[in-house]
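Read off the chains here:
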Amino acid sequence: MRPNRILTVFFLLGLAAFIWWGDARLDRFIWRIINFGAIYALAAVGYTMINGVTGQFSLGPHGFMLLGGYLTTLFMLPLHQKKVVWLFTPLSWPFNQFTLPYSGFILALIAGGILAVLASLIVGIPALRALRGDYLAIATFGFGEILYVLACNFMGLTNGPMGVKGIPQYTNLKWSIGALVVLTYAAVRLKNSSFGRALRAIREDELAAESMGINVFRHKLLAFMFSAFCAGVAGGLMATLIGTITPDLFRFFMTFYLLMIIVLGGLGSISGAVVAGFIFAAVFEALRFVDTAVVPGMRMVVFSVLLILVMLFFRRGLFGREEFTWEWVFQGVRRAWRGAWTKTK
Amino acid sequence: MDKNEVILSLQSLTMKFGGLVAVRDFSMDIRYGELVGLIGPNGAGKTTIFNMITGHYRPTAGKVIFEGRDITGLPPWQVARLGISRTFQNIRLCREMTALENVLISFHPRVRSTVFDAILPTPRYLREERKMRERGMELLSAVGLEKWANFRAGALPYGLQRRVEIARALATSPKLLLLDEPAAGMNPAEAADLMNFIRHIRETFNLTIFLIEHVMQVVMGICPRIRVIDFGVSIAEGTPEEIKNNPKVIEAYLGEEALRA
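In order, the protein sequences belong to chains A and B.
With the first sequence counted from 1, adding 1 to any position gets you our numbering.
With the second sequence counted from 1, adding 67 to any position gets you our numbering.
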């Protein structure tokens, strides 16, 4: 085995140990932040695939998260809780008939992802064929808003603006980091494959890619579906982490968070999206005092200022378009080592 | 392949942009193995003709027949898959990707593996990827670029970028190669070099080449047959010798240059 493989195996073993220890022992507050970080990172990995790697400006991930969140909720909510929640409007068939046990959680998450993928086809087939740039952004943004309105009004499925509470809190580090690892692996493989090259070619020069025989529309749709799947699973995890879900949880601000994350990480960098996702969750909590001390909502002002500073002085984000590799770490370590050596001399 | 068979037939192509007629009633036949030049002053409509062939523009009127099949109005990616490849006047490489990756893009439409093969990855995909890289390197060696394979395309000198772009076009295994002002922005020595290169790839890859050029001396050297257009209208066709002495051409083209000189 090559040394990089060994390092990766050790890293994954270490991660598994951390998850096992963290789920049992970690301080609940920190545990929760890490869960949120993993969920943001997961949605951001998908989001950077369409926005960063393929260069198609979508503003729709909150809509896909909403779909995944609600479907997972409908699958996992216990029957007695369903009776309590849907008081005024009865819950629609077939969700009033069944509920899945904990062992079905993974199915519920995947179903949420698949529902999001189906929705991405509905919006993507017309929008990605005809639109790009600002217009695509507006179309996908509109789609997210439509879903919000639907979620508020389809009482029989969502219980409207009152939301659903009492969702079993199944999400833990095992699920959130597990999903993140699996889908990040898929994203990295996809980006580095021939398909990923086609996606990057579309970002760099759509006309040239098309002239080389690449079906641009199909590849954009591929990236869009992948991002929707990640967002759908992330939505499901978020609902089962918080334990309640309302349409307001997945409004446009969610996409704004994700946008900040992928810009901070470096547009098109998957490792950047992962790292920035955790940083975002941590800073978001750390800044909570601003909300209580100044005025509610002040946090977002601080975040916006941070984002502007990043855009001004740090335009390529943490990673630029590069990815985390062991070689990259070795080079950094070697450089630091050499630096220290020459200084002591 | 029968030398006298027509590979590309352009039949009364007309392209109007609003009130402007960019190309009017342009007809031309190109036979297998030919190397044909299309020249004309700036804004004569040369690139517009290319864009109509490759499907970037849908002609207002007329037909494009490629190997006996009507390809008028097909999207560019389908045209490329049928065997027409092109380069652009202002080099359009994926600048952030390496020279090799640029070539590999052209292989992608023929990848058999599915996305899931690529993500897992299955042995089938890994085999395909390895073969693609080998063929990409072979192609780069064939055009003398193997040293630059892992350089960022945008960081290469202009002349090499031009060659990478041609290599990328070759990677689609075209039957017909359209070169849009390949010598643009080159000094006479570089241009002569490039023309040798074009002659070389034509023989190596058994290609039919249709070439746009603005600088007449360049095209005179390598194209046995030249077509001249001005203001979207064909004004002459013939051997370089005939073109040089055609009064219409001198008036439209050389006259203008002679005045400047």
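Heads up, a few of these hints could be off.
[Claimed, not checked] Partial pick of chain A residues on the chain B-facing surface, computed with a CB cut under 10 Å: (1) A188; (2) G197; (3) G333.
Because the hints were derived from the structure by calculation, they are not lab data.
Note that the Cβ used here is the ideal one computed from N, Cα and C, for glycine as well.
Each hint tested on the structure:
Hint on A:A188 holds. Least Cβ distance to chain B is approximately 9 Å, under the 10 Å limit. Restraint check, A:G197 versus chain B: the minimum CB separation of about 8 Å is within 10 Å; hint holds. Because the smallest distance between the Cβ of A:G333 and any Cβ of chain B comes to about 21 Å, over 10 Å, the interface hint for this residue is violated.
Figure legend: structure checked against the earlier numbered hints; the only hint not met is number 3.
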